[in-house]
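A.B. asks: Protein chains in written order, with the numbering used here: chain A, 13 to 983; chain B, 7 to 120.
Read the hints as simulated data drawn from the structure, not as lab findings. Glycine included, each C-beta is placed from N, C-alpha and C at the ideal position. Every clue listed holds true.
Per the computed footprint, the stretches of chain A lying under chain B, defined by three or more beta-carbons under 8 Å from a beta-carbon of chain B, are:
(1) 574–586
(2) 635–645
(3) 669–675
(4) 743–752
(5) 767–773
(6) 779–793
(7) 944–957
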Amino acid sequence: MTLLVLLLLPFVGALVTSVLPTRARNLLSIFAGLVAAVAAFLVLSLFPVVREGTVILHALPWVPSVGLDLVLRMDGLAWMFSVVVTVVGALVCLYARYYMSPDDPVARFFSFFLAFMGAMLGVVLSGNLIQLVVFWEMTSIFSFLLIAYWHHRKDAQRGAMMALTVTGAGGLALLAGVIILGQIVGSYELDAVLSAGDAVREDVLYPPALVLILIGALTKSAQFPFHFWLPRAMAAPTPVSAYLHSATMVKAGVFLLARLWPVLSGTTLWFSLVSGAGLITLLLGAYIAMFQHDLKRVLAYSTISHLGLITLLFGLNSKLAAVAGVFHIMNHATFKASLFMAAGVVDHETGTRDIRRLNGLMRFMPRTGTLALVASGAMAGVPLLNGFLSKEMFFAETVFLHVSPSIKIGLPVLATIAAMFAVIYSLRFGYDIFFGPPSTDLPRAPEEPPRWMRAPIEFLVVACVVVGVAPAASIGPSLAAAARPVVGGELPEYSLSIWHGFNMPLIMSLVAIVGGVLGYVWLRSYQERGLLQDPPFLRGLNGRKLFEAGLILATKGSRSALRVFGTRRLQTQMFTIIASALVLSFFASRDVPLVWGERERLAASPAFAILWLIGGACALGAAGFAKFHRLVAITLVGGAGLVTCLTFMWFSAPDVALTQIVVEVITTTLFLLGLRWLPMRKEEMRDRITLRDHARRTRDFVLAVAAGGGLAALSYAMLTRPAPFSIAPFFLSRALPEGGGTNVVNVMLVDFRAFDTIGEITVLCAVSLTVYALLRRFRPPSESVESPKQQRVLPADIVTDLVKPRTAADAARGYLMVPAVITRLLLPVSLVVAMHFFLRGHNEPGGGFVAGLIVTIAMVMQYITSGTLWVEGNTRIRPVRWLGFGLFAAVTTGLGAIFVGFPFLTSHTAHFTLPLVGEVHFPSAAFFDLGVFAVVVGSTLLILTALAHQSIRVHGQQRRSAASMLPRRPE
Amino acid sequence: MEAVLALVVGVLGGAGVWLVLRPRTFQVIMGLTLLSYAVNLFIFSMGSIFTDKPPLVKPGVPADLEHYTDPLPQSLVLTAVVIGFATTALFLVVLLAARGLNGTDHVDGTKEEQ
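Looking at chain A on its own, in the form it has when it is part of the complex (with noise of 0.2 Å):
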């Protein structure tokens, strides 16, 4: 439980920070640092539990069916992980209060900062590697985020897109080594793969998984040759280099290695590519690193070498390097960020970080020098701090490694030269800036940052020593508890004393710090001169190229691809999708062949038979007409429409034949609405039919023969074959019983499938909304702006009784004066037809569909006869309250079953006698029903209201004062 709470507490911060307000420094500093302070004290209140080797394990299931589970789990590795993102989460959330500026939004900073270290946390805590990749690539995603904090800034803006890109294409691979390491193990569970080790290396599959797996790490930790985003990454604010790209994210690749070494680790495979990417990212780190100028891109590359350190520790197959990788994890964090805390101080303080320009601060800041020059003593790898002892560790594995010659001699040198490197930037970092003759042309005048800015660093540097001091006494039980779960469960003898006697290893590191030294002197000489300012022999080497060049090729191959194998052409989409349909459905006939079956057939009856000479003779000219006599087409589709309903109603299904037939006639108001706006015919495209047109359409012809035939070929055989089981008993039996109703198929609507319905009727007020804000927005085109030509023709000495027979506002009292009467007086009886079927809908044919479209047709009726304007200037119809009422009454109907404690939407019939009316059976699916009334007449009428009301619209300012001048009531 505390671990859920670990997790989700950070996620909860992140959502709180983000509604305060947003310049709040203190406020949000603070409350961010509390979040991370308690998830701090909550992972150290577990050591005791952790540190006998137990396993805290916390599931919650999400889908179990399918073994999907939410598994945080926490062993002595994941411990010390959540106690670095914790502890040094609190100590830069304090710093970060003092280096952001009172004009940064901060809310956002702090936001996606707590975030970031709920990913993390999750990263470590999971028990699933699935999970584990999700939490890997939120990193991804906040990291991308918090490196862009200063989006205005280009160099922001392409770091983030860079790290973001590398390290979420690695996550991306590591997804697929992990699924492939889980088809092995056949468990995602992460105890059941640490089990299964010899299972996974004997594996065929071991070589793509690891490579895989190894791809997602390696990009992670900045690992060569995947190395080049860190750099670009320093782009962010100091407190996020500080936490994200040393301390915690660039950790995630080192902890993966960490975390699935006793399953990965052992083959000559694993060897060869771990440390050889870790040999020459830690060489080529701390190379690059003595030839920078920013004290941040120094910082950015010593932490490549860094990680190269590490990830060759972890490649080297000895269980006594493993701990010693996990050590160096340790004492890396604790150094780095205080290195980057120093140097976001001296920034924030001095106006600049390039080394040449700044000098002798220790006049100005002593503090924070002594802190600064510790933490680099530290990072070089000085005795009495903490990275000697795991560099120590390190020089004694390569020393005692017995691989082959080459390597046996070869390894002990280049472990010396990269620790002379690392010597030599150290110095660049800790002496250059604070000694020598103070400088004088710094954009602010440097002084010792606040108390409190300067804590954390203090905080963390005194860990350096402390750790340096007196190893086995701080650090010795939690190294023990975090090594443990790395090799297996089987500590090897290994010894936390500084002074090991004169051997092999000290004499690699005093030899390493002399040279370091001297190497710096003799490199000072030359930069002062002005030489050497770049790394010599590398200037082809540029990573960045290198990724720019790969990401303008993979833009332009799927660019050709897109060309190749796309089209935005609609016909030929919606050809290939038909094409496809039929050629699949034609394979798939081979297994399943098409044959006709023996069920009884029905009576063949002459009536249905000409019923459909009809409807498909209506359907066909429907095909034929469509392009040219639109009018034509729309009234043959109507037939075939009438003649579907007529089929349902034949067939025993009196519901659908309703509501087919309300539709059908809303359906086509709303094609001869829309008619108007669309263009005439063009007279000059008459005679410019192609050869290729030609060949188009009796493409389009035999596609359309072979797709029909294909269908009534299907229909037959399914219509013949013996009907299989069908779920249809239940319904029929228990619609009376159990939904109060006796018209199944309506208490299937409004019962058994309501959440269905409530889908539907959502889709409705979704659709009758975007329909209304796109009319909103109509322009039609120019030559559809005039009134139609049928209403212009009339000739001017028309001999007619008719009231006012040119005034189409005036319908009403115009050329439809009567049939107005008559709608009028019909209204009335509508409303109580759509009554009628209402209530009668659960027992009888009916229900709140066909009762709303009823509605619906007695308003549009209203509207074709007596004019847009008579109807609204005489009624009140506000659809998007019907819209917003019905809805709601489904939703509360549906969430009342809730709170009487049965499932959503449950159903309940009450019974009671009423006098004059006697015993009625009210069923709370009526109100659901009534919520499905109010939703259709609300929506089908916004929609025929909007389109009706284009009209209106375009004909603007005459149109308008027209209508002023109309009275308000009938005289």
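Since the structure of chain A is already known, use the hints to place chain B on it.
C.D. replies: Chain B alone, transformed into the frame defined by chain A:
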């Protein structure tokens, strides 16, 4: 009867497919309407089709498919009819807006060959 119903589905579906492949938006919307008739009839006919056995339960009649038609495809089709109306309305408005915006009723929104 089965043959007639199957032919009907085929004719409606074929006419719909033909129209859906046409270049004018109005033809496509007509085609979608015809296709939805075909598909609705097809789904509807997946249940046992009988005359005069509507799924309105009567007391004393056993609740099985010997005495009633299958209510499940009916309720699915009923939903599909209403949703079909909504999507048709949306498509109609989109095509009108596209026509106003692009000045053409070609499905690709560009004025080239017919």
